[in-house]
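Q: Numbering follows the working numbering, in which position 39 of the sequence shown is assigned residue number 23; successive positions increment by one, without gaps.
None of these hints come from the bench; they were simulated from the model. Careful, some of the hints might be misleading.
Using C-beta positions, here's what the derived DEER-type ranges look like [as the list claims (entries may be wrong)]:
hint, residue 1, residue 2, range
1, E76, Q101, 18 to 26 angstroms
2, P176, D87, 19 to 27 angstroms
3, K175, T97, 34 to 42 angstroms
4, R75, S53, 14 to 22 angstroms
5, L14, V83, 16 to 24 angstroms
6, R100, Q47, 19 to 27 angstroms
7, S63, L14, 35 to 43 angstroms
8, A77, D19, 16 to 24 angstroms
9, I108, E76, 24 to 32 angstroms
10, H165, L32, 20 to 28 angstroms
11, K68, K175, 28 to 36 angstroms
12, A148, R171, 29 to 37 angstroms
13, P(-5), T45, 57 to 65 angstroms
Just so you know, even glycine gets a beta-carbon here, dropped at the ideal spot from N, CA and C.
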Amino acid sequence: MPATLNARPMPQRPANGLLAWEATIGYLRLQYHLDARLTLQAMANANLVTWNAYAVWGQNTEQVSEKLSMEAALRDLWSQVDHKHVIFESREAMLRRPVNYKDNEWLDGATETILRQMLDVFHIAYVYSWTLTVIYEPVEIADVRFQARLSVDKDGLNLLGQGATLRAACRDLLRVTAQNHIQRRARQTPKPNGS
């Protein structure tokens, strides 16, 4: 009879790169008791959108700038973090790493769709002069873990969407953006005589 091995099954790798980043930031918070967050920033300049990404935990900050896609920003940010820091203390924990994801494996399909639609709306509505900042923090109140903020300098516009997931935060920001657009249009529409 073969000997019984005392071993736990290995946890599954996160389904996509963003979930792996969420797991990594959560691990930093739980394992080291540090405030930790992941920030993504998309900036439109003329017809080009560039991405910046930041990971902050405790006194540590790593960042990458001016990447041509969100996927490249997240991938390059992990390369930088992994090169400079030892994050994970066990083999099981290392499965959380946001590494070895293909370009189409960084978001689930529904989240990618709404993010792309939102970026298209911003391009149309704000004529290539906007900034989208997305922050993930592993806080206890799930509905505010993701914050998506749209800033348009020329209009002094600063809108916020929140949610437990990136998809929920994007939906919320799209809703807030639509409400703001309707209110702006109502103020700009001339009133008929006699009102």
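Q: Does each hint fit the structure? Answer for all of them.
A: Structure-based check of all given hints:
{"no.": "1", "hint": "E76 - Q101: 18 to 26 angstroms", "result": "violated, 37 angstroms"}
{"no.": "2", "hint": "P176 - D87: 19 to 27 angstroms", "result": "violated, 52 angstroms"}
{"no.": "3", "hint": "K175 - T97: 34 to 42 angstroms", "result": "holds, 39 angstroms"}
{"no.": "4", "hint": "R75 - S53: 14 to 22 angstroms", "result": "violated, 30 angstroms"}
{"no.": "5", "hint": "L14 - V83: 16 to 24 angstroms", "result": "holds, 20 angstroms"}
{"no.": "6", "hint": "R100 - Q47: 19 to 27 angstroms", "result": "holds, 24 angstroms"}
{"no.": "7", "hint": "S63 - L14: 35 to 43 angstroms", "result": "violated, 23 angstroms"}
{"no.": "8", "hint": "A77 - D19: 16 to 24 angstroms", "result": "holds, 19 angstroms"}
{"no.": "9", "hint": "I108 - E76: 24 to 32 angstroms", "result": "violated, 46 angstroms"}
{"no.": "10", "hint": "H165 - L32: 20 to 28 angstroms", "result": "holds, 24 angstroms"}
{"no.": "11", "hint": "K68 - K175: 28 to 36 angstroms", "result": "violated, 60 angstroms"}
{"no.": "12", "hint": "A148 - R171: 29 to 37 angstroms", "result": "holds, 33 angstroms"}
{"no.": "13", "hint": "P(-5) - T45: 57 to 65 angstroms", "result": "violated, 28 angstroms"}
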